[in-house]
Amino acid sequence: MNKNLYTVPTPCYVVDEQKLIDNLTILRDVAKESGAKILLAQKAFSMFAVYPLIRQYLAGTTASGLFEAKLGYEEMGGETHIFCAAYPEQDFDEILRICDHLSFNSFAQWERYRERALAAKKSCGIRINPEHSTQEHGIYDPCAEDSRLGVTRAQFRTDLLDGIEGLHFHTLCEQNSDALIETLAAVEEKFGEFLPRMKWVNFGGGHHITRPDYDRAALIDCIRRFREKYGVEVYLEPGEAIAYHAGYLVASVLDIVTNGIEIALLDASAACHMPDVIEMPYRPPLYESGLAGEKAHTYRLAGATCLAGDVIGDYSFDKPLSVGDKLIFEDMAIYSMVKNNTFNGMCLPSIALMKQDGSIETVRTFGYEDFKTRLS
1 MNKNLYTVPT
11 PCYVVDEQKL
21 IDNLTILRDV
31 AKESGAKILL
41 AQKAFSMFAV
51 YPLIRQYLAG
61 TTASGLFEAK
71 LGYEEMGGET
81 HIFCAAYPEQ
91 DFDEILRICD
101 HLSFNSFAQW
111 ERYRERALAA
121 KKSCGIRINP
131 EHSTQEHGIY
141 DPCAEDSRLG
151 VTRAQFRTDL
161 LDGIEGLHFH
171 TLCEQNSDAL
181 IETLAAVEEK
191 FGEFLPRMKW
201 VNFGGGHHIT
211 RPDYDRAALI
221 DCIRRFREKY
231 GVEVYLEPGE
241 AIAYHAGYLV
251 ASVLDIVTNG
261 IEIALLDASA
271 ACHMPDVIEM
281 PYRPPLYESG
291 LAGEKAHTYR
301 LAGATCLAGD
311 VIGDYSFDKP
321 LSVGDKLIFE
331 DMAIYSMVKN
341 NTFNGMCLPS
351 IALMKQDGSI
361 ETVRTFGYED
371 FKTRLS
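In terms of UniProt numbering, the sequence shown has 280 at position 280, counting the first letter as 1, and numbering is strictly consecutive.
Hint data in this document are derived by calculation from the structure and do not stem from the laboratory.
From the three backbone atoms N, C-alpha and C, an ideal C-beta is built for every residue, glycine too.
There may be inaccurate statements among the hints.
[Unchecked claim] Label pairs and their in silico Cβ distance ranges:
no.: 1; residue 1: Asp-370; residue 2: Ile-278; range: 14 to 24 Å
no.: 2; residue 1: Ala-304; residue 2: Lys-229; range: 32 to 42 Å
no.: 3; residue 1: Ser-64; residue 2: Ile-181; range: 19 to 29 Å
no.: 4; residue 1: Ala-292; residue 2: Asp-159; range: 28 to 38 Å
no.: 5; residue 1: Arg-112; residue 2: Pro-281; range: 16 to 26 Å
no.: 6; residue 1: Asp-276; residue 2: Ala-154; range: 25 to 35 Å
no.: 7; residue 1: Gly-35; residue 2: Gly-324; range: 45 to 55 Å
no.: 8; residue 1: Ser-64; residue 2: Arg-112; range: 13 to 23 Å
no.: 9; residue 1: Asn-4; residue 2: Glu-228; range: 47 to 57 Å
no.: 10; residue 1: Thr-373; residue 2: Glu-288; range: 33 to 43 Å
no.: 11; residue 1: Arg-97; residue 2: Lys-295; range: 51 to 61 Å
Can you build the whole structure from these sequences, using the hints too?
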């Protein structure tokens, strides 16, 4: 671990440039070998200070709304794709100006915006729901019963396909290639008759391509087969894979209290700075620590907000913690900066970049005005 991490003012997100490059190199190689185009899903990682670097490896960005689309268009370039569950009327003209590929969540939305999109010469697609779940977490499963995301085969309007050039599905969340292969079989079973008339198919995100145990050979074979069979362009839009284990959240111990267990209160908060800890739930890895009871000294790490459940998790250490000690949470680049908040008036963590030579450059700091201007 780079010792410079212990010198940054806390709380602070630090993105590791070398690890980012390692991930991007893998993704570039997968794209080259498979013939697919890979996009950055900004909903997971939107640190635009590194977009010029990412642009050297990926084909562009994908967005979930106007602001993300503008960010990708302005800061990275390349192809700009968008999917929105429902497009606001007031945003649509600017979306047409910025985006080259638009995916619609329903045929009603397609009917509403079709003429304008086609007049603007945009490539348009429909998001489909293959109704094949490959995960247990309902909150992240677009194929769950009564899902609002994607058109099922029963609701698919064959009479409204004129002008539709692509199909888009997104059903995975941090999964391996076996889940994609299963899903593709369901897509072909339900929607295979429409694939030959498409120009592109977007396989969505949730592909954990840069994870060490990910079967990239199977992914490449799967994409090649699909492209050759149907004569379509294939897109992938991972978010996590771009910045997988490429970031840290450095925090300091503010106080230690005892109530059945030793509790260390930090200047980093689960509720504010790492909300997936509560939402998923998720236990972030912590450098030089173990599971509760594994090492000599166990502490419950928690934020300093008023939320009783603002708990990061129980960790053990070789030595007792003291006020002022710095802790380094790992894998904190994805779904952290994009989801954080200022509940209780908590200050947002600074954002820094750890360069390839080990030096750390502060990209952005936050203060009272960032909190205040969100509220009135």
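Structure-based check of each hint:
1. Asp-370 to Ile-278: 14 to 24 Å: 22 Å, holds
2. Ala-304 to Lys-229: 32 to 42 Å: Distance hint for Ala-304, Lys-229 is violated at roughly 56 Å.
3. Ser-64 to Ile-181: 19 to 29 Å: Given range 19 to 29 Å: holds, Cβ gap about 26 Å.
4. Ala-292 to Asp-159: 28 to 38 Å: The hinted range 28 to 38 Å is violated for Ala-292 and Asp-159, with Cβ atoms some 59 Å apart.
5. Arg-112 to Pro-281: 16 to 26 Å: 38 Å, violated
6. Asp-276 to Ala-154: 25 to 35 Å: Taking Cβ atoms as reference, Asp-276 and Ala-154 lie about 33 Å apart, which means the hint holds.
7. Gly-35 to Gly-324: 45 to 55 Å: The hinted range 45 to 55 Å holds for Gly-35 and Gly-324, with Cβ atoms some 53 Å apart.
8. Ser-64 to Arg-112: 13 to 23 Å: 19 Å, holds
9. Asn-4 to Glu-228: 47 to 57 Å: 48 Å, holds
10. Thr-373 to Glu-288: 33 to 43 Å: 38 Å, holds
11. Arg-97 to Lys-295: 51 to 61 Å: 56 Å, holds
Of the numbered hints given earlier, the model fails hints 2, 4 and 5; all others are met.
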